[in-house]
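Trainee: Please construct the entire structure, taking both the sequences and the accompanying hints into account.
Protein chains in written order, with our numbering: chain A, 1 to 306; chain B, 1 to 306; chain C, 1 to 306; chain D, 1 to 306.
Simulated from the structure, these hints should not be mistaken for laboratory data.
Check the hints yourself; a few may be wrong.
A pair holds if it fits inside one copy or across any two, identical chains being indistinguishable in the list.
Within a straight-line C-alpha distance of at most 27 Å, the following computed DSS-like cross-link-like pairs (lysine-lysine) qualify [stated by the list, open to error]: (1) LYS86 / LYS292; (2) LYS26 / LYS179; (3) LYS86 / LYS179; (4) LYS292 / LYS26; (5) LYS292 / LYS179; (6) LYS86 / LYS214; (7) LYS179 / LYS214; (8) LYS214 / LYS26.
There are 4 protein chains.
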Amino acid sequence: MTHNYAAILQDISDAIHQTDFTDARKVDYIPALASVPDDHFAMVLRTADGNELAIGEADLPFSIQSISKVFALVLAQRAHGDDLWKAVRREPSGSAFNSLIQLEQEHGIPRNPFINAGAIRVADLIASRYANPDRSVAEFLGQLCGNPGIRVDNDVYLSEDQHGDRNRAIAYLMKSFGKLDNPVEDVVRAYFKQCSVAMTAREMARAAFFLANKGVGIDDRTVIAPGETSRINALMLTCGMYDGVGDFAFTVGIPAKSGVGGGIIGVIPGEFSVCVWSPRLDARGNSAAGIKALEMLIRAIGRSVF
Amino acid sequence: MTHNYAAILQDISDAIHQTDFTDARKVDYIPALASVPDDHFAMVLRTADGNELAIGEADLPFSIQSISKVFALVLAQRAHGDDLWKAVRREPSGSAFNSLIQLEQEHGIPRNPFINAGAIRVADLIASRYANPDRSVAEFLGQLCGNPGIRVDNDVYLSEDQHGDRNRAIAYLMKSFGKLDNPVEDVVRAYFKQCSVAMTAREMARAAFFLANKGVGIDDRTVIAPGETSRINALMLTCGMYDGVGDFAFTVGIPAKSGVGGGIIGVIPGEFSVCVWSPRLDARGNSAAGIKALEMLIRAIGRSVF
Amino acid sequence: MTHNYAAILQDISDAIHQTDFTDARKVDYIPALASVPDDHFAMVLRTADGNELAIGEADLPFSIQSISKVFALVLAQRAHGDDLWKAVRREPSGSAFNSLIQLEQEHGIPRNPFINAGAIRVADLIASRYANPDRSVAEFLGQLCGNPGIRVDNDVYLSEDQHGDRNRAIAYLMKSFGKLDNPVEDVVRAYFKQCSVAMTAREMARAAFFLANKGVGIDDRTVIAPGETSRINALMLTCGMYDGVGDFAFTVGIPAKSGVGGGIIGVIPGEFSVCVWSPRLDARGNSAAGIKALEMLIRAIGRSVF
Amino acid sequence: MTHNYAAILQDISDAIHQTDFTDARKVDYIPALASVPDDHFAMVLRTADGNELAIGEADLPFSIQSISKVFALVLAQRAHGDDLWKAVRREPSGSAFNSLIQLEQEHGIPRNPFINAGAIRVADLIASRYANPDRSVAEFLGQLCGNPGIRVDNDVYLSEDQHGDRNRAIAYLMKSFGKLDNPVEDVVRAYFKQCSVAMTAREMARAAFFLANKGVGIDDRTVIAPGETSRINALMLTCGMYDGVGDFAFTVGIPAKSGVGGGIIGVIPGEFSVCVWSPRLDARGNSAAGIKALEMLIRAIGRSVF
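Mentor: This is the structure:
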């Protein structure tokens, strides 16, 4: 371990707790998330040589939301191989994550697997191959982080379902183009469930570890081949941070994926995986404290992937 | 030098010459480029420890076109610092490089400095600060590659000027939003001139070297600070390959910038800069043989930035 | 009766039967409509002074499809008055009748009641006020044309329902903006049913008569006030012919509404109502023979509303 | 004369002067128009049987702006016949009058002759056939209204020219698609000049008279054939009132064309032409008092074209 990560995390935590994030707001369309205290902050870093460093509420579960899209993608890629890329493209969208405009102009083929349309299509591909699509992403995350108890938070799921009309519109639009294989309600249910998985920052840093470790997980088993790992990382860098991908690459410069529950996972391949969590979101839907923490981390160690 | 780059380049060159690129076409709107033989291919790699390896027509000048945008950006950043980013954003555009739609919707502020609107705005910022904006990019490239004879190709410039109405429309649209400081004709002339610079693949690999070398050029002088170098690399990765950024990051995975003259520059920070040139373009305007050559290089050495 | 309408209709019918419409195609997404013979043609004109002239298959029922939108609008206006226009605008859309792009950009408020989004919202408004929304448009049409036996064609309805995912996407998108009051499935069912009503050209000319007769129907009862009748006519002229409103106003120049079943109703206020039917459609979804017939009619009588 | 138009105009004028239009604003991008008093109001009506009724500042010149587009269209149609409609379409645009988005998507072919792109293309067609394109619209208007002294207001023209970058962007975009025949600067100069013509409401009602009189002008000479007159009227109804065409057809219901100088011309074919002028504009760029006056007129006489 070349850096004193423990000291770095402590500095970051101190700085975050002294910063005013009152302009940033928790996601408001999921009532079940409203009760999370605003100022919670957790950061967990797992180095390629096996050390794990944590600070803050590292063992408190949060709603992983869109972070689940990375792991659903890996599941779909395992089942479908490169045929997956006939169903979903891999270009930045340049527009809001839940927009139907681009989807209509491009005849129902999503730009990438991390916008909602793409993630719904990935859930559809999973539903075609896995026995219990409502649970498969949760179970996969359980294996990756070494906690078979990972579950869908049912209150969050019910909120998602109730506020899910935009996602149903997206799914029906794909269906109308002949680009969805399973019934819309089955697909969106599986999608809402994967978004509603609850995990801790520690579990998340562990689950994402294979992306920093050439495809090998915390249990030394291969999740995907090294080449495929690089490709997932490339996708996170170009498409993982909603409408803020360019700014995040510019100011932080590592592959990362955020969720509106306030979590962000990131990696420097060969170095570490990291999960940061704090519920208040900036205008683009990314954790405000999370982005600041990752910026500080990158500056402290003096390197990014660039 | 950990890899036998000479052997790798030879393998790549052999493979390229055995591949059928007849579906790919040279750019057709610049008559002055029509006379370049279709099957020319050059690749030059300059390692961080100072070795230079070349194959093919490495000393034949070609039209650098949009590759110039990287160097114009560096010039503008030197003069304006971070104020530059008030004038141009740094997000992938998600649409064609010469589109006016997004520019109108976003009130004349370009998405990033590598789409035409952004590059025209950068040329405008250069015109506000440099004495001879028509020559400043060419002179800067001459310094970087160690050849003060770098010049604008006047035939190419005249072609650009004659076919430049789309770019004039973009410039007038920005002007109408109050987002262009200098007269439209002055700005587009400087822009057409920078695109018309002629350089060899060898000169290009040298000029781009500082991006792989923490901001230090081939003459050991600092071009920009290491942190700013990372940021330019991030921009190339998220915005450098026209509508193919996502696919290129996915399949190759290095910061790169292409031009419709058939050149591509790329870097792996800390390892090498590379320039590949072959005039036939794929449907997105990137050199078809160039992309294949970079893919082979990345596969041969077993690493990208991801 | 100032014109010899009988002779005019005969001339039109002769000309239509001598014209080659093989480039025009019947609607293909509703299998139940595939069995209608291609060369059927009917035209029925009902003058303000009470004469009725018919030619061709005037007593053969066809699927009224989007023509139903005019009558649904009248029903909704009766129940909601001018509050209706808080829910739906009345501007030409400038884009395809089933597009979601504009609907998303305008936050779920449809441009006008004749694009699908607007008609679905009108069906929603009807569902909020009428006891049997699945039947109310059919029953209203039965009253207007004097045939209480007007029914929904169930085969057509089932086809609509099966191919209705685009309309469901539209409805869910409005729902996600909080712009739909009733459950999506209830609304789209009522909408599909109103589109699936079967009527003859004679019945249609009678049902539309009040639009030519200051709001008074064939039974001398007032349907809506004269001022409201003018407004419905204005809407038909600016929004009634899919993407061909401008061309139709330019070349024919009367308020009209078409359906993909091949029917078109039209009026010259104070003069006559007309229904023409022929199943082959031009590229914009309007009956090819129907438009030609109306053009000939307008030329023969030497007047339009302009 | 079936109506007491003099009394009607007096009632309208009284009502207008008692209405608060302080929310409506004069156009602000043409400084030369800023000195016009806010509360000026004029209305001139010329009946088919030759009577002329005027109220208010009927003999004070104002800037005709986009009203000129109707007359330029007639000139172009005279020179090019129906070939004109290969260059310009005739569909409502559904978007802002000066937008480039639709123009780019539709490859440089304007939606209709009354949006700026279409009017610029019409000016281009005029420039190809008339000897003095900078003056031809003004001279034509002089003939039509019987005042050969009609001129371009040079101060307004200079303002237009200075604030004309958006129109230059539109012209260059068409040029880049090969859809403009003459040099951009020549075309926009002619276009700015036609918009800068100054006329009184009385002159305007006279100039527009042929549109209400089957193509025959105030001097009993035929301007265009009756059929072509109907077509111009149809275009005004579907495209003449910027983004408010649908609302205007719905609430007023006559062919009309507005300009940002506060003028509106309208006709009921066979009945009268009318010009109303008042400089304050509503949010869509139409004269606020002008629209209210036309609504009152239509209500008072109990008829529109619908």
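Trainee: A separate judgement is required for each hint: does it hold in the structure or not?
Mentor: Hint-by-hint comparison with the structure:
1. Proximity of LYS86 to LYS292 under the C-alpha cut-off of 27 Å is restricted to the inter-copy arrangement: shortest distance 20 Å between copies versus 36 Å within a copy.
2. Proximity of LYS26 to LYS179 under the C-alpha cut-off of 27 Å is restricted to the inter-copy arrangement: shortest distance 25 Å between copies versus 33 Å within a copy.
3. Taking identical chains as interchangeable, the C-alpha atoms of LYS86 and LYS179 lie at most 27 Å apart only when both belong to the same chain, with a minimum of 11 Å there against 35 Å between chains.
4. For the homomeric pair LYS292 and LYS26, the shortest alpha-carbon distance inside one copy (16 Å) is at most 27 Å, but the shortest distance between copies (45 Å) is not.
5. Neither within a single protomer nor between protomers do LYS292 and LYS179 lie at most 27 Å apart by alpha-carbon distance, with minima of 39 Å and 30 Å respectively.
6. In this homomeric assembly, LYS86 and LYS214 come within 27 Å of each other (Cα to Cα) only inside a single copy, at 25 Å, whereas the closest approach across copies is 38 Å.
7. In this assembly of identical chains, the alpha carbons of LYS179 and LYS214 never lie at most 27 Å apart, being 33 Å within a copy and 46 Å across copies at closest.
8. In the homo-oligomer, the alpha carbons of LYS214 and LYS26 never lie at most 27 Å apart, since the shortest distance is 34 Å inside one protomer and 38 Å across protomers.
Of the hints listed earlier, those the structure fails to meet are numbers 5, 7 and 8, in rising order.
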